[in-house]
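2 protein chains.
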Amino acid sequence: MREILLCEPNISEGRNLDLVEQVANQVRSVPGVKLLDYSSDPDHNRSVFTYLGAAEDVLEATQRLAVKTFELIDMSVQQGSHPRQGALDVAPFIPVRGIDSAAAVAIARRLGQFVGGLGVPVYYYEEAATRPERKSLPDIRKGEYEALPVKLADPAWAPDEGQAVFNPRSGVMVTGVRFPLVAFNINLHTTEVEIAEKIAKAVRHISGGYRFVRAIGLPLPDKGMVQVSMNLLNYTKTPISRVLETVRSEAACYGVAIAGTELVGPVPLGALEQVVKFYLQVHDFSLEQVIEVALLD
Amino acid sequence: MREILLCEPNISEGRNLDLVEQVANQVRSVPGVKLLDYSSDPDHNRSVFTYLGAAEDVLEATQRLAVKTFELIDMSVQQGSHPRQGALDVAPFIPVRGIDSAAAVAIARRLGQFVGGLGVPVYYYEEAATRPERKSLPDIRKGEYEALPVKLADPAWAPDEGQAVFNPRSGVMVTGVRFPLVAFNINLHTTEVEIAEKIAKAVRHISGGYRFVRAIGLPLPDKGMVQVSMNLLNYTKTPISRVLETVRSEAACYGVAIAGTELVGPVPLGALEQVVKFYLQVHDFSLEQVIEVALLD
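So the sequences go chain by chain: L and W. Residues 1 to 297 in the numbering used here are what the first sequence spells out, letter by letter. Residues 1001 to 1297 in the numbering used here are what the second sequence spells out, letter by letter.
Worth double-checking, as some hints may not be accurate.
Coverage of chain W stretches by chain L, computed from C-beta distances (three or more under 8 Å per stretch; other residues unrestricted) [said to hold, decoys possible]:
(1) 1249-1262
(2) 1265-1272
(3) 1282-1291
Hints were generated in silico from the structure; no laboratory data involved. Glycine residues also receive a C-beta, built at the ideal position from the N, C-alpha and C atoms.
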């Protein structure tokens, strides 16, 4: 199957929908790139675009989006409730299929060099981070746009690309690579939220569980159930089936059964392939056998 | 997701690969139709083409394939070990996604009318059959090409399209609609083939099992295992998970575990969707959530 890279840039404008449309048109202008979705939040004053395609095409679309965003958004007058540091605040690349993390990082670096060349300082984060303290976006964004004049003068925050010079109009851009996240919730046939909380603790990384699981326990009063609500940060290393079976056995210890589960939002086909392989025990199965997948070649 | 109709015509030529290539080029000549595969068997003297796309495009490709096949193949001199009745022996349509059986039957009927108009008598089979005795291809093909002069004179075998006149050059064509078949094998940790045979009997339709399962038990001497080898004829009505769980419980009765399974050849995405929904208990999941599937729109 052909290579699929996804990009999900966030720009610091969510009120002027004409402006947002002009930015969207930059993405649409690249043949082979599919704009799956874009949405704006006026309170946050922020818009998110989701598009995908072959890596080179997605890079081209993101460069065009960057140029238009820097042309139209002036951070010196921007206000909104969402933390932000730049006109093109963050541009994460997400390798979906046929492209590994290293190749996606190379694309993020090329975007960084391009944007640095436009006079906008750039920080790399997540898989593209150059230092441990730049791995997390909230860490990089501390102090927001308003802190940039001081921050850029600090050698510890020298940008990864571009000059260490404050650009009042555009701020800075953060780019990098992250893995596709799977939002997975498990509903339990009990009203005791303590049970969901105990199971969340059992599976989540922070309290001794699986490396790539974030989890909390929640009540679902309308359903008379409780929920273990999870984000799986790397479905190849902590697969859906393993998490489900662990939740099942932990719940059984309280005599509680699983009522159902929810996969929320986008799911990569590879995550479902793992589920099929595990439960069918079909060790040699390949997605290339799927009739519809042949259309993606 | 967009409509996907698959067509798998069989032509009565598997030795003259230049001829087969000319027929393949007719399929390739229709924009939007993807020729997934074609293969020729010289002993059978037969070739099979597999292509898919939107229904109208697949119909157009099949009409072009029919015209070229009738132009190039002369049944009055054709010989081969595979049962056959015509130059374009059979053209089954298989609804993969976004098109129901009735709409696929309408396409098969339009192909039938087109081919009938070319002077080639047509029989409809499977979902498109006009009489119960024309449901199965082997029933329609009884006596093969050589029986056609007598058969076409018999009112019981009046063609569904075209005139009841023997066409020595092209024979007859059979077309219709069948469901995508899933070839599913389950390997068991035992060398006793009797156990595989008993389980095959338990799940297959003919001996009291599931309506849409054909199954046999086989030894796998190289692996020191046995296999329940199955065709699932309608995965929506007899789903993979139900068959697997039945085989598992039947095998457990002999103290035998499942070593692994095999999905052989093409699998429709809908069959995997059912597996994911069943084992994850994810009742509201939709394939539209799959990132790659968005590319098929």
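Now for the hints, and whether the structure bears them out:
{"no.": "1", "hint": "1249-1262", "result": "holds (count 5)"}
{"no.": "2", "hint": "1265-1272", "result": "holds (count 6)"}
{"no.": "3", "hint": "1282-1291", "result": "holds (count 7)"}
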